[in-house]
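Numbering (my numbering) for the sequence shown: 930 to 1307.
Since the hints were made in silico from the structure, they are not lab data. All C-beta atoms, glycine included, are put in the ideal place defined by N, C-alpha and C. Incorrect hints may have been included.
[As the list claims (entries may be wrong)] Derived DEER-like restraints, expressed as beta-carbon distance ranges:
id	residue 1	residue 2	range
1	E997	L952	17 to 25 Å
2	K1306	E960	23 to 31 Å
3	P1202	Y938	45 to 53 Å
4	E997	E944	21 to 29 Å
5	N1207	E1170	34 to 42 Å
6	K1004	K1239	44 to 52 Å
7	N1197	S1141	19 to 27 Å
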Amino acid sequence: MNTNLAPTYKKLFGENWILWFALSNSYSIIEPEFNLLLESYLKSSSNADFSTMISNDINVLESESISETLFNYLKDCNKLYISPEIDSIVLDTSKRHISKQYDFKGQTIQIYYDTELVLKTVHPALSYYCTETKNEVSATFDIYLKNDDLFLFKDQQLISQVSKHKYHLMQGKFIMQLLCTLHNKDENDWIGTFHGSTITDGNSSILFVGNSGKGKSTLCALLTANGFDLLADDVSPMLSEDNEIYYNPSAISIKQGAFNLLEPLVSNFKDLPIVKFNKTKGYLKYIPCTKPKKDHYPCRSIILVNYKAKSETKLEPISVKTILETIIPDSWLSPNPLHARQFLDWLATLEIYQLTYSDTQSVTNEISKLFKQLNKKV
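The whole structure should be built from the sequences, with the hints applied where relevant.
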């Protein structure tokens, strides 16, 4: 058979196998029975050989159907990954209508926006760092809307051009480039940026993931109000050099539904400005957090967050399959084979849970207990 379609890496997690295909930079999770058929298929020299190999349990017609299914599966997993092309577009400086500077403890970032609407894509999460200082600028960004496309430039070079309806892709690209500047790294130094929020106790960290509206940002706000530090909200970057998650300075974005819960717990919450970017997001507040003592911490656990009104607090083990199905669609993962192997090896070291909660005190106690357990195992 065509072994060129075989996965580049595979790793066993419990009963499931995770496969990584270099050509497509894609991950696939398969059951043990499917894995046995796939291995037999890839070892076979022909369809007839494959039929003979599995003939004890399956007749010829069934084996031909299975062979076709396996071939189509491998073909789909090997669709060529193509890096987005950036057109050679020159920066339009006439779009520099709004100027903001942000100071990140000695590193100053200059950002130019063309409208108040475009300002809302990035500024609210960084407004805590806005300054009037005229320090030397480490990097200059331009973000503007033109012909229904959002453009992101860094130091006059085009980084991203996306439809205004896909503004979240521009936001992710901006955060990636900001992190490169703040941590003095290049984009190819990172294993990936996970769609999730990370909390640290000063020794290690936990990555909280979940679909929008499931309460992960609210949980992080609760934990920071109870002595933990926010390492990263919404975008959690992992560096290849040490397999650790690095500090992202963005404030925690909180939806209107959690305002009443957090107001008595978060200092000056009532005074935080309300931002409305679009109908989907609704009204938001951004909670600035104190920077942790270090820029990066090892991540020992991933937790799938599920806020459920009037529920008991439950922390239950779940499969890596469930976690991957949650984080992969909205995360950026490096196509570098070394990084893919590091990602799989890192997953194998983690404790993976689902957290259901509603009560603020009991969930804080549960996370405190988990941190203690994780730190003992180091």
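How the hints compare with the structure:
1. E997 - L952: 17 to 25 Å: For E997 and L952 the Cβ distance comes to about 21 Å; the hint holds.
2. K1306 - E960: 23 to 31 Å: holds, 29 Å
3. P1202 - Y938: 45 to 53 Å: holds, 47 Å
4. E997 - E944: 21 to 29 Å: holds, 26 Å
5. N1207 - E1170: 34 to 42 Å: 37 Å Cβ-Cβ, so the 34 to 42 Å window holds.
6. K1004 - K1239: 44 to 52 Å: holds, 48 Å
7. N1197 - S1141: 19 to 27 Å: For N1197 and S1141 the Cβ distance comes to about 26 Å; the hint holds.
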